[in-house]
Amino acid sequence: MLAFARNERPDDDSQFWFVSPQADFSLNRLGELRIDAHAAHVLSVGELIQESWLLKCLAIGSWLDVEVVRKIRSCKSRPLIEYWEGDLGLASTQGYKVKGEPNDASSLHVLLDLGAPKRPSSPFTVDPTAYELFSHETLDRTRLDEKSQDQLRAYRAPLFLLKKSLPPDRKLANSLTSYVDIAFNQSYYGYSACGDEDAELLVRYLHVFAHGSLWTYLLLATSPTIGTERPVFLKSDFDSCALIPLNELSEIAKSQLFQLSKRLESADISSFDDIDRYIASLFGLSKRDVEVMSDTGDVRNPHDELGICGSRPTTEQEIQHFCSEVRAAIRPFAKKVGFEVNVEQCGDQTKEDAFRFLRISVIDFIDQSVDDVRHLILQLADRIGASLIIQANDGVLFVGVLNQYRYWTKSRARLLAADILRDHFSTFERWQSS
Amino acid sequence: MSKIFATSPPRFPVPHAPLPLAVWLVAEDAIRMAWVRLRQRSPERFDLTTADEDAITLKLHEILVDEVYGSGQVEGFDDTMMHIGSRESKIRNFDGQHPDKMPDLHSALLDESSSARVRTVYSSNVSLLTPNTRSAFTTATEVFFGSCAVTMRGR
Chain R
1 MLAFARNERP DDDSQFWFVS PQADFSLNRL GELRIDAHAA HVLSVGELIQ
51 ESWLLKCLAI GSWLDVEVVR KIRSCKSRPL IEYWEGDLGL ASTQGYKVKG
101 EPNDASSLHV LLDLGAPKRP SSPFTVDPTA YELFSHETLD RTRLDEKSQD
151 QLRAYRAPLF LLKKSLPPDR KLANSLTSYV DIAFNQSYYG YSACGDEDAE
201 LLVRYLHVFA HGSLWTYLLL ATSPTIGTER PVFLKSDFDS CALIPLNELS
251 EIAKSQLFQL SKRLESADIS SFDDIDRYIA SLFGLSKRDV EVMSDTGDVR
301 NPHDELGICG SRPTTEQEIQ HFCSEVRAAI RPFAKKVGFE VNVEQCGDQT
351 KEDAFRFLRI SVIDFIDQSV DDVRHLILQL ADRIGASLII QANDGVLFVG
401 VLNQYRYWTK SRARLLAADI LRDHFSTFER WQSS
Chain U
1 MSKIFATSPP RFPVPHAPLP LAVWLVAEDA IRMAWVRLRQ RSPERFDLTT
51 ADEDAITLKL HEILVDEVYG SGQVEGFDDT MMHIGSRESK IRNFDGQHPD
101 KMPDLHSALL DESSSARVRT VYSSNVSLLT PNTRSAFTTA TEVFFGSCAV
151 TMRGR
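Top line first, the protein sequences correspond to chains R and U. Using the numbering used here, the letters of the first sequence correspond one by one to residues 1 to 434. Using the numbering used here, the letters of the second sequence correspond one by one to residues 1 to 155.
So that you can see chain R by itself, here it is in the shape it has in the complex:
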């Protein structure tokens, strides 16, 4: 990311361009990069002060992602740390650190040690028989709470233990619950609910939440490291994520939460889709919101630093889905002014072509081929690094989309439909009125 600035203090209404290239496997290998048309935004300083995650969110996604994150943050949620430590008065900390200054760690010898497994056990919950007692004599950071009556407060059960390194697949477990006191090292962020009347359910709540795709998406959209550096996040990323307080949940929702948590702890793989549905309903997310999250997660997978997934050629099936989405999005508006639109893939294309072309026309349009200029258009597109081509003739649009999966998601289909509606709909209207 490069920042160009004038050495002058801006006021809140000052605006600037934010332009962010995407990892493009094939192009980057040649030492080149392309900036997508949807990746250039005008932002104001005031917006950025209010929503400091905006740049990250736009760097990995589009305005659709900004709307989704805003929606998540604006529902009855609170930043986790304010709720956990502020409202509930509970403890949270990063785990102990071994190397460094030798500080006495004998107080921890009464605890099991998550870093000393006797044998493999469930990745989702701590089996107390599977761990040795803590045995280090000294530690650099013990995480003892000197101000509290119970110095081991941070290690008291029930505990939610979150791995700071994001696994490639959430089914490999990104966190675990513990119902016994246990010491954990700096590879974990620990949240102890000890002392709360809903302690066990609180820990189960965080465990289920962390295994939902919403959490991974929030990390991708707002964490300074995930998706830009190595897949390790900061405790502040989890602390600042939006969580609906447990007491805001209905009794039915709490009961569902408990059942989901039990399934998760027993490593029931089928529970993940149900977890996603549960969390989406808690946050009032629509099918479209979930679609945006899924699309962005697919093309900007934090473990795909080279952008291989987003750079691959799109498949015929994806093109068909894309056409259907564009048609469905435009159709109500066309119908309103008395015509139907047809969206189909242009013939004579191969999956190796740099651009794949769609033909969007009024349904009764009689084709007058303009393919004779296609090769010139492609040359121009290459010269200016375009990712989208719209060739407009009365009654028909030929739309060329760069042949990379990142431009063919359902979310991108909606963005294209909005572009057409805003800027090119007159093509159809003119033909209709002629």
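Calculated directly from the structure, the hints in this document are not laboratory data. Do not take every clue at face value.
One-sided excerpt, in silico: chain U residues whose CB lies under 8 angstroms from chain R [stated by the list, open to error]:
#1 P20
#2 L21
#3 A22
#4 V26
#5 G76
#6 D79
#7 T80
#8 H83
#9 L109
#10 L110
#11 D111
Listed below are the simulated DSSO-like cross-link pairs for lysine-lysine, each with C-alpha atoms no more than 30 angstroms apart in a straight line [as the list claims (entries may be wrong)]:
#12 U:K101 - R:K76
#13 U:K101 - R:K71
#14 R:K287 - R:K71
#15 R:K287 - U:K90
#16 U:K59 - R:K71
#17 R:K76 - U:K90
#18 R:K287 - R:K262
If you want the footprint, here are the derived chain R segments under chain U, 3+ residues with CB under 8 angstroms [as the list claims (entries may be wrong)]:
#19 61-69
#20 335-346
#21 414-422
Beta carbons: idealized from backbone N, C-alpha and C, even for Gly.
Could you slot chain U onto chain R? The hints should help.
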């Protein structure tokens, strides 16, 4: 009700072409639907004859969001293509000179920020085209390249 959108042409230059009639008609249908529902409320629930402008706008917005938007009753008025803002939300004008515009009701097409996008437009009268290339374009053809202004190259 249809006169609600019958305004004179804007007197200021805008950075984009007018929205197509279809978008206005969808928005108008949505407001009309909300208005009909508001009038159908019993006086005990909401009395139109005594309510002031703010109360009516608030209720209209609530009905638009809770009962009309995304309900399928007005095709196109859903989160596939449109979003609906909170009541009297602050939005900036087209060039950012007035950042605190507060319309009573605000609805927009997806990605309204795209007015900021750089587009390169080639048509038959654009001088960037070579004579040979230009002659290949018919006068009716326009080609829009969605790209950012910058393409960086270098090893």
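Results for each hint:
no. : hint            : in the structure
1   : P20             : 4 angstroms, holds
2   : L21             : 6 angstroms, holds
3   : A22             : 4 angstroms, holds
4   : V26             : 6 angstroms, holds
5   : G76             : 3 angstroms, holds
6   : D79             : 5 angstroms, holds
7   : T80             : 5 angstroms, holds
8   : H83             : 6 angstroms, holds
9   : L109            : 5 angstroms, holds
10  : L110            : 4 angstroms, holds
11  : D111            : 5 angstroms, holds
12  : U:K101 - R:K76  : 26 angstroms, holds
13  : U:K101 - R:K71  : 21 angstroms, holds
14  : R:K287 - R:K71  : 13 angstroms, holds
15  : R:K287 - U:K90  : 27 angstroms, holds
16  : U:K59 - R:K71   : 21 angstroms, holds
17  : R:K76 - U:K90   : 21 angstroms, holds
18  : R:K287 - R:K262 : 26 angstroms, holds
19  : 61-69           : holds (count 4)
20  : 335-346         : holds (count 3)
21  : 414-422         : holds (count 7)
The structure shown violates none of the earlier numbered hints.
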